[in-house]
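Same order as they appear, the protein sequences are chains A and B.
When the letters of the first sequence are read in order and numbered with the numbering used here, they come out as residues 1 to 178.
When the letters of the second sequence are read in order and numbered with the numbering used here, they come out as residues 179 to 404.
It is worth saying that the hints were derived from the structure and are not from the lab.
Positions of the beta carbon are idealized from the N, C-alpha and C atoms, including for glycine.
Just so you know, not all the hints are guaranteed correct.
What the hints assert, rightly or not - Chain A stretches covered by chain B per the calculated footprint, using a threshold of three residues with CB under 8 angstroms from any CB of chain B:
hint : segment
1    : 54 to 60
2    : 64 to 72
3    : 87 to 101
4    : 131 to 137
Claimed, not checked - Which residues of chain B face chain A? A few of them, derived with a C-beta cut under 10 angstroms, are:
hint : residue
5    : LYS223
6    : SER225
7    : PRO226
8    : LEU232
9    : LYS237
10   : VAL239
11   : SER240
12   : TYR248
13   : ALA268
14   : LYS277
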Amino acid sequence: MPVLKVIYFPIAGRAEPTRLALKLGGIDFEDSNPNWPEMKPKVAPLQLPLLEVDGKLVSQSIAQTRYACKLAKFEGKPLYPEDPFQALLVDELVDKVGDFFAPLIPTFSIADQKEKEAKRAELTVKGGPCEKWAANIDGVLAKSSSGFAVGDSLTMADLVIFLNINSYRTGMLDGISP
Amino acid sequence: MQQLKVTYFAFPGRAEPIRLALGVGGIDFEDCVLGPEAWEEMKPKVSPLQLPLLNVDGKTVSQSIAINRYVCKLAKVDGNPLYPQDPFEALLVDELVDKVSDGLDPLVPTWDIEDAKEREAKRAELMVKGGPIEKWAAHIDGELAKSTSGFALLDQLTMADLYIFTYVCFFRSGKLDGIPQDSFDHLSHLCLHREKIADIPQVKVYYNDKTFPAYACFKSSQASLH
Numbered sequence: 001m002p003v004l005k006v007i008y009f010p011i012a013g014r015a016e017p018t019r020l021a022l023k024l025g026g027i028d029f030e031d032s033n034p035n036w037p038e039m040k041p042k043v044a045p046l047q048l049p050l051l052e053v054d055g056k057l058v059s060q061s062i063a064q065t066r067y068a069c070k071l072a073k074f075e076g077k078p079l080y081p082e083d084p085f086q087a088l089l090v091d092e093l094v095d096k097v098g099d100f101f102a103p104l105i106p107t108f109s110i111a112d113q114k115e116k117e118a119k120r121a122e123l124t125v126k127g128g129p130c131e132k133w134a135a136n137i138d139g140v141l142a143k144s145s146s147g148f149a150v151g152d153s154l155t156m157a158d159l160v161i162f163l164n165i166n167s168y169r170t171g172m173l174d175g176i177s178p
Numbered sequence: 179m180q181q182l183k184v185t186y187f188a189f190p191g192r193a194e195p196i197r198l199a200l201g202v203g204g205i206d207f208e209d210c211v212l213g214p215e216a217w218e219e220m221k222p223k224v225s226p227l228q229l230p231l232l233n234v235d236g237k238t239v240s241q242s243i244a245i246n247r248y249v250c251k252l253a254k255v256d257g258n259p260l261y262p263q264d265p266f267e268a269l270l271v272d273e274l275v276d277k278v279s280d281g282l283d284p285l286v287p288t289w290d291i292e293d294a295k296e297r298e299a300k301r302a303e304l305m306v307k308g309g310p311i312e313k314w315a316a317h318i319d320g321e322l323a324k325s326t327s328g329f330a331l332l333d334q335l336t337m338a339d340l341y342i343f344t345y346v347c348f349f350r351s352g353k354l355d356g357i358p359q360d361s362f363d364h365l366s367h368l369c370l371h372r373e374k375i376a377d378i379p380q381v382k383v384y385y386n387d388k389t390f391p392a393y394a395c396f397k398s399s400q401a402s403l404h
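Extracted from the complex, chain B is given alone in its bound form (with noise of 0.2 angstroms):
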């Protein structure tokens, strides 16, 4: 088996499908997290690349989606590999990956707003109904809604549903300032979706152990394994 090591900041943002996948999918690999000092230092080395990047016996390489589809090739759960070896199956898997990431589009330019209140009230600004995090968020609600099964696509788990999770989780997570973490409580199938995945075994597992206050909305809200 590869070494994979994941170099990422500490927060469970675009690296955290790829982690869950690796997690999930019992793969060993180094979780190498990165203050802002030290992303700082090692930016000017690695320019125009960006974080997350992943290390495969030795060789880097970057770009979240493109880390997270490898890993979600070698990554198993119950028997099933979290992406599609059929190509259809793959093109739907790939389409709805690429309309959740979009997801955080909108909110990257709020990261350099220096001013609290002005911050808070860009996000505001996203959030409102028809804003356009909202009408992400939206969407993606209902395209669970066509489901039967739960799981966002192919009665099944995969790269899709690790999207879906980790970035609604992220947006609930309550440590973005001016997002609320009742935000997207309207959406129901999106709620359901996020229980529904948080229960998985092998994800609650890979959560249980996390003391990082961000992961909170990660966790099952049943009872604990412990």
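Chain A with its partners taken away, still in its complex shape (with noise of 0.2 angstroms):
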């Protein structure tokens, strides 16, 4: 097993559903949260989440996760499919929660409160760019015999939508209601 190092900020974000892999895989790795404005100048134009495998450092939160995925073994079963197809639809469904997460990402940077709640409650409105991802992956989860995503196991798109979609039921984001 390789030596890794998950370098990131200290929240869930970006790198929760890689070190949530690693730990339902029993894989040891070591949770860095470095001086990011020091490190910045010497990675650029790299952003983090990183992942260092064996001294070696990897961009792409979602290249990352999949990577952990295929060494984590979630009750016998690797968290990302070794069947090409299966792992089709495992990509797809990650793919479209990116999709789900994307129209938020400038609303994170709107200084002004009421302004960005007032942006929030557009994009998840029955219909909105959000509300819209989020509805097709309900109906793909409506589908599902097994409870999970895609086949009858845990996969990285089971994570993935635990972290991405259902953690803003929390009411963790402003202007996005549980």
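Mind assembling these two chains? They're in different frames, but the hints should get you there.
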């Protein structure tokens, strides 16, 4: 097993699916919170999270999570399917969650609280840019007989849906109510 | 073997690496090309899914990178699948593909700009040295510079090469108003990479018969096979 280090801010965010996959798979890793202003110029243009694998720094959070899910087995099954078609269904869902989240990204830098909440309300209204993806993913889950997103066991898709959509039902983002 | 159908527009955009992977891998597929009106009709039926779509034995799947990864697992060139089986090698490919795919993002909002002058001006801002697209291309150029073989990664043809080749050629096609064909001429590794991939026999054969004008810069500059 390679020596792994997850490098990110001390928040869940984009590193959490990777951390969760490694934990579920019982794979040791160092959870590192760097001094980002100090680190940034050294690794530019790479952004956080970074995954260090046997000393090599790799960027792109979804790529990192997919890698972790290939290494991690949960109840005997890898979190990323070996069958190409099952993997395709997982990848499709993961990318749909990305499309769900993308319209929210610019709202994080809106300084005015009222404006931020108003913008987020637009996104989450029925048929809005975020809601339409959540509804589509809900439809995919509705078709599952196992309750898991793809197939009949836990996969990367479940982790990403759980962390990146369901987490917002906690009211953790201003303007997005549970 | 699965029955595959790729549905996309005629131009070499986000479906191009998919089509190319199937083409060089010698995998049969139905190439379903939609005009803008046909898409407007189809769109509400599949919303929020976008093109490209892949149909696998009757099941419709969306998301261009997911589709690409799948076909690159099936497609072999010179015995090697275009998507590595080793998880770490695959991680490097996935990282680079995600970086390359992000390159189109700044261009997407410009499609909706009605006024041609305004659209060209906006695109010029993206392409100027230090602008978002030029910076993206310069970064990819820098990654290619690390390779001794000329392939992006692992000294063999991978999904990452197909992405770089098709996206760079799309920008160089001359079919995007406001984006000149010589836009990336100052990035030597990108230029060499384009030549290298275009000259691969299976790639050359794939583009040989393509007459759609945007495909001109995808073809090898060496003499045609015929």
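So, going through the hints one by one against the coordinates:
1. 54 to 60: Held - the segment 54 to 60 of chain A has 3 residues with a Cβ nearer than 8 angstroms to chain B, which meets the minimum of three.
2. 64 to 72: Contact hint for the segment 64 to 72 of chain A vs chain B: holds, 5 residues under 8 angstroms.
3. 87 to 101: n = 9 at 8 angstroms, threshold three: holds.
4. 131 to 137: As far as the segment 131 to 137 of chain A goes, the hint holds, because 3 residues have Cβ atoms under 8 angstroms from chain B.
5. LYS223: 13 angstroms, violated
6. SER225: 7 angstroms, holds
7. PRO226: At 4 angstroms from the nearest chain A Cβ, B:PRO226 passes the 10 angstroms test, so the hint holds.
8. LEU232: 8 angstroms, holds
9. LYS237: 8 angstroms, holds
10. VAL239: Holds, about 5 angstroms.
11. SER240: 6 angstroms, holds
12. TYR248: 4 angstroms, holds
13. ALA268: 7 angstroms, holds
14. LYS277: 7 angstroms, holds
Of the hints listed earlier, the one the structure fails to meet is number 5.
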